[in-house]
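Visitor: Here are the chains, one letter per residue:
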Amino acid sequence: MWMANTRSSSGARRLALACFALLLVALFLLPVQIQGLLEYLDGPVGHVVRIPLEAIASIDAGIADRWQQYVALQGVREENQQLRKEIEWLRGQNSQLRESAAATERLTALLQFKEQALPTMVAAQVIGRDATNRYRAIILNKGESDGIKPDMGVITPAGVVGRVVKTTGASSVVLLVTDPNNAIAGLIQRTRDEGIVEGTQQGLAQLKYIPLLSTLRDGDRVVTSGLVGGFPRGLAIGTITRIDKQEGALFQSAELLPEVDVSRVEEVLVIQASYGQSRKAAGGVDLPGKPSP
Amino acid sequence: MKYLLYLILVLLLVPVQTTLLPHLSVWNIKPDLGLVAAAFIGLFSGEMEGLLAGLAIGWVLSLFSAGELWLSLLTNGGVGLLAGFLGRQVSQVTSISLGVALLLVSLASGLLAVANFKNLDLSQMWWMVESIVLPQACFDGAVGTGLYWLLSQRFDVTRLRTE
Chain A
0 MWMANTRSSS
10 GARRLALACF
20 ALLLVALFLL
30 PVQIQGLLEY
40 LDGPVGHVVR
50 IPLEAIASID
60 AGIADRWQQY
70 VALQGVREEN
80 QQLRKEIEWL
90 RGQNSQLRES
100 AAATERLTAL
110 LQFKEQALPT
120 MVAAQVIGRD
130 ATNRYRAIIL
140 NKGESDGIKP
150 DMGVITPAGV
160 VGRVVKTTGA
170 SSVVLLVTDP
180 NNAIAGLIQR
190 TRDEGIVEGT
200 QQGLAQLKYI
210 PLLSTLRDGD
220 RVVTSGLVGG
230 FPRGLAIGTI
240 TRIDKQEGAL
250 FQSAELLPEV
260 DVSRVEEVLV
270 IQASYGQSRK
280 AAGGVDLPGK
290 PSP
Chain B
0 MKYLLYLILV
10 LLLVPVQTTL
20 LPHLSVWNIK
30 PDLGLVAAAF
40 IGLFSGEMEG
50 LLAGLAIGWV
60 LSLFSAGELW
70 LSLLTNGGVG
80 LLAGFLGRQV
90 SQVTSISLGV
100 ALLLVSLASG
110 LLAVANFKNL
120 DLSQMWWMVE
130 SIVLPQACFD
140 GAVGTGLYWL
150 LSQRFDVTRL
160 RTE
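Chains as they are written, first to last, in numbering that gives the first Met the number 0: chain A, 0 to 292; chain B, 0 to 162.
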């Protein structure tokens, strides 16, 4: 090895070092101010970056669509037969549930409960995954300009997907329910015991801080408790697959299989306003089944 | 012209990193193209451009990640600066030596990120290191090696670096 020809003067080298040192000092001494300064630029930059991002995401979605429609059709016949059986079973279930719903409606009228407003939601498309490998997060094609803010809950009709953690003008980052940094207030539907749902490193979720006296069992469903903002009560999070009760521990915990396969999610609904605020929120609709475009 | 190319690179890195690379990931690990790009810019254009390009890449990529901004700025900017210094000091850069350097730098930035995670016990930290940080460092090194080898097949890279 030998010395290469220098491309720039030692002055430029010193300047680069000084700039980096200054940046380090600024980042450690004034982190909030630096972040605030860059946030002014996040909006316009987010709009600019959205153009190539959406273009490539739509090409990617197109290819995936073609693949699913034409190439990946092996085994569809068997799947179709299985689904037909499932439909038959669900029809039976549906009629039973209709009966229960009618009974609930009568009882509700009888008790004169106040009608609860449904949350306002905005539909968004998944256009990417976290830029790093260290977080399980997805990127949505809606951002601050669509009324999306950090801490809003994100769901699909099947259940909880995650929570918005970062927004730019035209996009937002959603930390998935399977990320260990996420925490959502959960409730075991059968026993009504509350706990905190966190992601695990294996890509599943776990319900922590369950009271020791809880009679939970495998197969119990966990739903949102609605105690902490972002999610209304009763949205499906997952099903308990394993219970962890250690000797001398103050709480027990349980492993959950998330209701939503977050690795395949393509469209989501962002909960903009919880109960009671839905009518006031602009640009949204009030039915979970009918998200705004 | 060069700065326009940098701008296009930064804008294209986001969709490639967030939309295309997840399809090419191995065991759910994808390479950090931002880190590789910052290192190449530093190597070929010097420490100042490496630093600035690394900072820009770090900032824009952090907009599309749940990670912290300062870490992204620090690692990408630092890699650009370091590559600029090394490119000036070492004239005989081979694709293998560049790959090894990228592996080490990626490992260092990954370890910094793991150390920055809150509420992780030692076993969780180790799990992150062996299943995310280490494979990603190998991936980054391999991508750097491949890219440099491709460039050296088409161009006189030593002349490119010293011009």
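Just so you know, these hints were derived from the structure itself, not from any lab.
Ideal Cβ positions, reconstructed from N, Cα and C, are used throughout, including at glycine.
There may be inaccurate statements among the hints.
Stated by the list, open to error - Take a look, some chain A residues computed to stay more than 12 Å from chain B by CB distance:
{"hint": "1", "residue": "Ser9"}
{"hint": "2", "residue": "Tyr69"}
{"hint": "3", "residue": "Arg135"}
{"hint": "4", "residue": "Gln200"}
As the list claims (entries may be wrong) - DSS-like mimics (lysine-lysine), calculated; alpha carbons at most 25 Å apart, straight line:
{"hint": "5", "chain 1": "B", "residue 1": "Lys117", "chain 2": "A", "residue 2": "Lys148"}
{"hint": "6", "chain 1": "A", "residue 1": "Lys207", "chain 2": "A", "residue 2": "Lys244"}
{"hint": "7", "chain 1": "B", "residue 1": "Lys1", "chain 2": "A", "residue 2": "Lys207"}
Visitor: Take the hints in turn and mark each one as holding or not.
Guide: Each hint, compared with the structure:
Listed as a non-interface residue, A/Ser9 fails to keep its Cβ farther than 12 Å from every Cβ of chain B; the least gap is roughly 10 Å. For A/Tyr69, the condition that its CB be more than 12 Å from all CB atoms of chain B holds, with the nearest at approximately 18 Å. The Cβ of A/Arg135 sits about 8 Å from the closest Cβ of chain B, inside the 12 Å cut-off, so the non-interface label is violated. Once the 12 Å rule is applied to beta carbons, A/Gln200 is inconsistent with being away from chain B; the minimum gap is 5 Å.
For the suggested pair B/Lys117 and A/Lys148, the alpha carbons sit about 24 Å apart, so the restraint of at most 25 Å is met. Our distance criterion of 25 Å between C-alpha atoms is met by A/Lys207 and A/Lys244, whose separation comes to about 11 Å. A hinted pair counts as satisfied when its Cα atoms are at most 25 Å apart, and B/Lys1 with A/Lys207 does not qualify at roughly 53 Å.
Comparing the model with each earlier hint shows violations of hints 1, 3, 4, 7; every other hint is respected.
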